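Colleague: Starting from the structure of chain A, add chain B where the hints point.
Chains as they are written, first to last, in our numbering: chain A, 1 to 297; chain B, 1 to 258.
Beta-carbon label-pair distances, calculated as ranges: (1) Leu225/A x Glu211/B: 37 to 47 Å; (2) Gly157/B x Lys250/A: 55 to 65 Å; (3) Arg220/A x Val10/B: 24 to 34 Å; (4) Arg29/B x Asp94/A: 13 to 23 Å; (5) His101/B x Asp149/A: 11 to 21 Å; (6) Asp14/B x Asp94/A: 54 to 64 Å; (7) Arg245/B x Gln276/A: 19 to 29 Å; (8) Ser118/A x Glu80/B: 43 to 53 Å.
None of these hints come from the bench; they were simulated from the model. None of these values were measured; they are calculated from a predicted model. Beta carbons: idealized from backbone N, C-alpha and C, even for Gly.
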Amino acid sequence: MRKNDDTSRIEEEDEEEQEQPRAFWSGIVAFGLVSLPVSLFPAHRSKVALKMVDARGAPLKRQFFCEHDNRPLERDDIVRSYEVEKYHYVVVEDEELEALEPKRSREIDLKRFVPLSSINPVYFERAYFLVPDGDTTKAYRLLAKSMEDQQRAGIATFVMHGKDYLVAIIAQGGILRAETLRFHDELRTPEQVGLPQRQAADKKTVEQMRGAIRKLTHKRFEPALLSDPQATNLRQRIEAKLKSGADVLKAPEEPAPAEAASNVIDLMQVLKQRLQGRQSRQSEAKRPAGRGKPRAR
Amino acid sequence: MAIRAMWKGVICLDSIRIPVKLYGAIEDRNVHFRLLHRQDLEPVRQFLVNPETDEVVPYAETRRAYVTEAGDRVLLSAPELDALEPQPSRDIELLGFLPLHAIDHRWYDRPYYLGPDEDSADFFALADAVEEQQVEGLARWVMRNKSYVGALQLYQGYPMLMSLHHAEETIPVEVLKPPEGPALDKRELGMAHQLIGMLESEFQPREYHDEFRDHVLEMLAAKAQGKQVKKRAPKPREAGMDLTRALEASIRRARKHA
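Just chain A, with the same shape it has in the complex:
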């Protein structure tokens, strides 16, 4: 949907392929003068993680090439540019973007608490779990309990990976979540879309529909209703192949390169450990908190 923007497409694919659960961000949640060191882990994962391989099953990696001379490029050979006007590109260095980041970019400062129900569903963009990082979980538990008791969400803005984020911190079952929120100007209004105004409807038709709705109304929400038959089918297919041994490549005897074995560590496992304050060696944030390497956005 985004024209002339191949880089965003690349990023989307990258995200799909990123299986190793890692902290997306590490920093401080500030509640008044109380600070909680935390890491953010995604609250969603891919349904069935698949890797790109060649016809014989060898894992593939993505590599940048110069369009002009087809030379393979390392990350350091690549620089970002922005099309200010048609065909007029400005080159931007990472440092220049970093210099624009506000002083306290490592901090989510909860300046405001709002009723959880006052945030319209349209604002919610992406969900993360907050896991405690310090030696003690006291401040984490205190904030979670207080917010949950009062059904309040903490609101803050902060910069992460070179982007401004509006975030709602929400407590649920003693666990803190960070839900990034869309900025108001990212939402189209019904007028911008050109939707017609609601018109008076025929009473009899409405009554007929209400009848159909009543018939289908459940009291409780069952997450099973949201299951994806496609993911189930794919799982079954994989199971069948494992059973028959067809198209299965056995793991090599010598330790596999990290690349091949990377989707073994489950996000759930990492979260369980980190919520109890245990660091797992594999899951430590490898990516420095700032903007590491040029990444298409």
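Modeller: Chain B alone, transformed into the frame defined by chain A:
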């Protein structure tokens, strides 16, 4: 300044069929960069490469592999994966209705506006019925070879389909154990409640603006005109203090600002 519909479907409620159009409710306002080769400022391309042989593998020749815990790889071909794709359909099937807010923020993905297609009488009757019953619908549909689940809701009175995450991709909070430790101090808990109360307000989405984006665009505009770009040094954080003292000081501070 209307936008074009991205998809057309038919809402199926029991035996009632209501043709609708879908419109994206989100506008992408991110600053998108293009990656260039630093040396000659030519655009770059990404290809798939076998890291052992450095050989470029055309996309059409790739397969997918599922890696098991033991490191075994299960290969899947493109036709196989295609065969698992859902059957194309225009139906937006309403599976059920739930009390408002029964589906919470854990599931929300992306909102789409709904508009009437052809006859609008039934469309508005559905909006009325959903509003009067104080419910939201749970819908399932297939759009562009992908299966979706979503909530049929009203946004500012306009029907909307909020696509939801599938159960398989959502980590259930219920299976995670919250952090444990010694019982919380009653006084500290009281102060935390008090502090939240003092910082309480309604959610005002219009008050927030992507300032960083503005700064990036300003910097880019300045650079385009050949201006020198200023650099700012980051400031270190203050050291932490004991929890009770920090809460007390926070309440004092909040009082002063109130």
